[in-house]
Amino acid sequence: AQRVTQPEKLLSVFKGAPVELKCNYSYSGSPELFWYVQYSRQRLQLLLRHISRESIKGFTADLNKGETSFHLKKPFAQEEDSAMYYCALTTGGFKTIFGAGTRLFVKA
Amino acid sequence: EAGVAQSPRYKIIEKRQSVAFWCNPISGHATLYWYQQILGQGPKLLIQFQNNGVVDDSQLPKDRFSAERLKGVDSTLKIQPAKLEDSAVYLCASSFPTANYGYTFGSGTRLTVV
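Respectively, the protein sequence lines represent chains F and E.
Once you know that position 44 of the first sequence is 44 in my numbering, the rest is easy, because the numbers rise by one and skip nothing.
Once you know that position 39 of the second sequence is 39 in my numbering, the rest is easy, because the numbers rise by one and skip nothing.
Hints in this document: simulated from the structure, not taken from any laboratory.
With a cut-off of at most 25 Å between alpha-carbon atoms, the simulated DSS-like pairs for lysine-lysine come out as follows:
id, chain 1, residue 1, chain 2, residue 2
1, E, K62, E, K83
2, E, K15, E, K83
3, E, K44, E, K83
4, E, K62, E, K11
5, E, K71, F, K95
6, E, K44, E, K62
7, F, K22, F, K65
8, F, K9, E, K44
9, F, K95, E, K44
10, E, K15, E, K78
11, F, K73, F, K9
12, F, K95, E, K78
13, F, K57, F, K107
14, E, K44, F, K22
15, F, K15, F, K73
16, E, K11, E, K83
17, E, K78, E, K44
18, E, K62, F, K95
With these hints in hand, go ahead and build the complete structure from the sequences.
So, in C-alpha cells, the structure goes:
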C-alpha cells in the first residue's frame, strides 16, 4: 500500500540552525514527491517538487530511492520558516497521498 | 491568475443536518480534487474529477457524501446527514493537467458538526 510517513509532529530549532524535516514513503512504482507548506492563516501551497530539483526559499529536498526518503533541508532556518510542512506522494500521475505533517517552529 | 475559490469559509451545523460546499478551480485546470483534513492529520482524498468525470472516489463515504462537477468547471460537495466525525476542513484543489505538477489549493471550508 502507498504510504507517506513524517515521523516528527513537531520540530523546534533556533534561528540560523540547520533544519531537516523527514519524509519516508512506501510505493513500488516510480514516485513523484512534493513538499507543501501552510503558513499561519494561509492556504496550503506547493513548496517544491522533486522532479524540478529546485531550491525554494532556501529549501531543498533530494529523492533517495534506496532509503525511500524525501527529506526537506535548509542550512539556516529563519523565523518566517515556521509553518506546517506536508510531504506528498503522487502515484501514476493522478492520486496524491499526504503525510500527517510536521510543524516547524523556529525560535529567535 | 485567480486562485481556487471555495465557499463558505466556515460552517457550523447540527448532526443529521445537511451541508454543501462549493469550489471553483483555476481556469483551465482539468483536474479537481476534494480533500478532507481532520485536525492533526494530513489531507485525505475524498474524490477526484477529470473534467466532469469521476477518476477516484474510493474513499468517499457514499452513504452520506456526494459530489458533482457539472460542465467540468466548478464543483459541489454535499454531506447528508452529517455526523460529528465529519468535523474537518474540506479542501478543494485543482491541477493541470495531472497531479505531477502539484496542486493549487483553495482556502478550505472549516466544518463543525455539533
